[in-house]
Amino acid sequence: MTCPRSLRWLLASGLLLWAPFSLAEDMVLGMSAAFSGPSRSLGIELYRGSKAYLDWVNEQGGVHGRQIVLQAYDDAYDPNQTVRNTLRLVEQDDVFLLFNYVGTPTVTRVLPLIKQYADRPMYLFFPFTGAEPQRRPPYWDLVFNLRASYHDETAALVARFLAVGRERIGVFYQADAYGRGGWEGVRNALLRGGREVQVEATYRRGFDFDTSLASQVEILRAADPDAVIAICAYAACAALVRDMRDVGWDVPVANLSFSGSEAVAALLGQAGEGSAIDYGRRLITSQVVPSYQNRELPAIIEYRQRMDALGPELPPGAVGDYHPQRFSFTSLEGFLNAKLLVAVLQRLGPQPERAALRQAVEDLREVDLGIGVPLAFGPARHQASEAVFFTTLEQGLFVPVEDWTDFRSDP
Amino acid sequence: MKLSTKSLLLILVLFAVIAVAVSVLSARMLYDSLSDEYRSKGEAIARALVDAGTETLVNRDLATVQAAVDQFVESDGVAYVYITDAGGDIVSHTFVPAVPTQIIDLTEAPHAMAQSGDPEAINLNIDGLGEVIHIHAPMLAGAAGYVHVGMDLSFIRDHIRAVVVQQQLLFAVIFLLAALAAVSFTRRIARPISLLAGYTRNLSARDFSEEVNIPPQLQKTAEASGDEVGQLTRAYIEMEQTLRRYLEDLKRTTATKQRIESELNIAHDIQMSLVPRTFPAYPEQPEFDLHASLVPAREVGGDFYDFFFVDANRLCIAIADVSDKGVPASLFMALTRTLLRTVGRDPDTDPAAIMARMNEDISSDNDSCMFVTAFCGFLDIRSGVLSYCNAGHDPPLLLRDGEVELLPSTAGVALGMSEQARYSLDEVQLQPDDLLFLYTDGITEAMDPEGQAYGRERLMNLLRLQAGQHACDALLNRVVAAVREHARDAAQSDDMTLLALSYQGASERRSLLPEWRISAADPEALARLERYWNTVTENGVLPESVVFRGRLVLEELVLNIIKHGQRDSGQVTIEVRIEQTGDGLGFEIRDNGRAFDPASIDRPDTDAALDQREPGGLGLHLVQNMVRQFRYRRDDEHNVVSFLLPTGDDAGQ
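In order, the protein sequence lines correspond to chains A and B. Be aware that the first sequence starts at 1, since it is given in this note's numbering, and climbs by one per residue. Be aware that the second sequence starts at 412, since it is given in this note's numbering, and climbs by one per residue.
Some hints could be false.
Pulled from the structure, derived: some chain A residues nowhere near chain B, Cβ distances all over 10 Å [what the hints assert, rightly or not]:
1. 105
2. 118
3. 133
4. 181
5. 200
6. 213
7. 226
8. 267
9. 297
10. 316
11. 348
12. 356
Simulated DEER-style distance windows between Cβ atoms [to be verified]:
13. A:298 to B:513: 34 to 42 Å
14. A:366 to B:455: 46 to 54 Å
15. A:246 to B:497: 19 to 27 Å
16. A:409 to B:498: 25 to 33 Å
17. A:366 to B:531: 32 to 40 Å
18. B:455 to A:162: 39 to 47 Å
19. B:447 to A:409: 50 to 58 Å
No lab work stands behind these hints: they were computed from the structure. Beta carbons are placed, not taken as given, at the ideal position from N, Cα and C, and that holds for glycine.
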């Protein structure tokens, strides 16, 4: 650098001037998520939900006087990029902890790296995935989850389908670790009842909504399942529903929370314009957070307030043509993640140390975030919630599934 | 096809063969090495997954397994990876949109998979994926399941195709360069050759008498180029120059030859005109039939025959053969024939004398040492006696009563051999129907292609068979034909000369012209003589000049007898007899008057005044000049004057 000497002095004096006003160092949280590509809405909305809460915390003076800074990088749902982002966050940005990672393949790939930093130690908080790897040895101890796992979600879905007489379950899943995790959940749930997956079909990650899934639909339909559980990202989920309904096949389709419910709804809404087909019909989505329409819950009220207060700011790497959603399950999850994390950080005291993190979390035996279900951590319990909620689309809106008998198997 | 096109084609074929061979070979090698590499790569992946996957699979964490599996799918050439658990169920895979039926079949089939740690590989063909190398490796010796890796062979195929296409492109570029070089090189070679070819094509239409005009480019090639093309060009130019010289020589020699040929033709005509060629000869003479023929071996020859009347009753026949052929022989022949004619005209001579005289003349200045064989005979047509002399010639043949005999030799040597040679005479009496056959050795020595001579025996046999059947001309033709038949294709080596004389015997009709007799005292004598002459000549056969001369001579001689022949006592009678002879009219005038020899009259003094001359002298002198063989004799108290009035070619002399 050929930076002039005088400028350097100026910069140095500026720092000196600023320093006395900073009471304590910022608390930097490292985030890597998809802010671009087909799954960008997940990363962006998760970021926005967390940001809504953290902005409010920072406005209140932060945690023990420290501002909470969310340092986020785009990985476009690419595991290799996630690894690079993580290296950068840990080595360069020296983040206090890792937070809000999105996706199973990305998280699964980054787990060994986190293990590498076990001596610091470096913890990953509340990744946006229900996958098993971070819930099992040898990584479970370095990761803390808020949400229920995919196994929880799929087991709940299978149980409900079985209850309404739908025993021939087909699985449509993303050909990667996420899809495999969901598939395993369905399979295990079925195996427990002595059943097997009726039929399966896959698609490749990075799927575009305009691509046809006709061949997969054909494969699935050929085995005549009476329900399809889709473990996919929102574009493929929407395309599956579209292509199934387009050929007149209307068995119920169930999505997992990860699919990004609002994005699915938006795509199906587009597809349904000028069409007689109601694409939203018989589409169930399992959620790990309650519906943001449920204003009886204090957390939902708070969430809606904070989201409305949030500016139009997008995470770095997100391109300008993205239109943020006012509310979504994803941003609600981000909001709740941030709220639970702040509760953890509060417990660390004014001199937070990484080494004390695990103990602080495990000591949270009962937390009420205001979502109607209690959350709890423990020494062998790094997943705070097992709760699964079901929603379905009615006139473009997500409503809780009140009565599963609507989905009873056709006589 | 042009040379450059040919070499281009050759290079094309060569390159095609090389390109195909190299491509096939390298594709094969590439396939082998790549499939080996892929197999080992697949095996490495399988091993890595076994190492990484066993623990996670045991822990039932399929998402982690899938993450590990997915990592490898991104590598080049990996078609799929899947993992089966201990129960044989596929618990992790990378297939989209679904697991192919072949794979399901494979996992459901009771398979004897490797229990040891080493992966195994087989080749499979899978719908939608194509051919793959399928590798499976056991986890915990199969207790935890198997890792399966499919390596895409179509990837190898594509790779090989790309390499082959690159190779072919490289070959195409090299081919283009080589073709360019070859074409320009062959053009450089072929241009002088095609120039030469064009030049040569024109050669046949060229007028070689014109100036040599070699194209400058060709000249340059000939001078500058040391290679085979240059040599060829030089050789060609040399050839043309040689050809030109040769043609000039040819033209010159042809012109010379043509000149000589035309001269020889003229010589032939002259030679032929030297021998009598009007046949039948002497048709007015019933005593004999005579034919002759001369066929020279070349344009001119050394043979000749001749016949003529020595006097009213004696016919000279001769045949001769100069000891050489061609122009020298023909000159010698002309000399000999002239000699014969000159010497033979003397009425007092005989064949032996003629031969002796000719021998003298020929021998005296015979620098060229040539000699002539000759036969000469005098036939007295009244008596049939043939007196003859043979100077070294083949003895003539005599056909008599169906037999052929040789005319006895007179033992004379050929003319020109010795100045001192002696020639004797012999005689033979010919009978009516005898035939005398004269020939040269061109007949007897005519060779057939095998070198066998015709020979005298054959000739004699032929004549014996022909005896009495043919006239002389037909006989001659028969002999010539027989000789030619014998010679077949062999070239005629010598002149063929023949003469046949058939004697018919003395004729009664010979002197049938009327006699005239009158008394010298008859005042009408001259008028009667005139009428007599008119009677003799009234048939109009004799030329006007001969008729005129005959009248003049008769009148002069008869008038001379009337004037000078008176005797004292008795009547003077004048008899005139006219005989037809071969050469003219033979006259015999007899009178019983005073003896008077008209030949004794001196040559008149033409310088003296006309009135002082002796009367009649001039007339008798004129008469003797107008006739030939003028003779006088006193016979039994008679004056006999005989002479020959020529009626033939020399009648006008």
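Now for the hints, and whether the structure bears them out:
1. 105: Per Cβ check, residue 105 of chain A is inside 10 Å of chain B; nearest 6 Å; violated.
2. 118: Consistent with the label, residue 118 of chain A stays out of reach of chain B, its closest Cβ about 17 Å off (over 10 Å).
3. 133: violated (4 Å)
4. 181: violated (4 Å)
5. 200: Not fine: 7 Å to the nearest Cβ puts residue 200 of chain A too close to chain B.
6. 213: Given a closest Cβ separation of 8 Å, the condition is violated.
7. 226: Given a closest Cβ separation of 19 Å, the condition holds.
8. 267: Holds: least Cβ distance 20 Å, greater than 10 Å.
9. 297: Consistent with the label, residue 297 of chain A stays out of reach of chain B, its closest Cβ about 31 Å off (over 10 Å).
10. 316: Per Cβ check, residue 316 of chain A is outside 10 Å of chain B; nearest 26 Å; holds.
11. 348: holds (31 Å)
12. 356: holds (29 Å)
13. A:298 to B:513: 34 to 42 Å: violated (57 Å)
14. A:366 to B:455: 46 to 54 Å: holds (51 Å)
15. A:246 to B:497: 19 to 27 Å: Because 41 Å falls outside the window, the suggested range is violated.
16. A:409 to B:498: 25 to 33 Å: holds (29 Å)
17. A:366 to B:531: 32 to 40 Å: violated (55 Å)
18. B:455 to A:162: 39 to 47 Å: Since the Cβ atoms of residue 455 of chain B and residue 162 of chain A sit about 43 Å apart, the hinted range of 39 to 47 Å holds.
19. B:447 to A:409: 50 to 58 Å: holds (54 Å)
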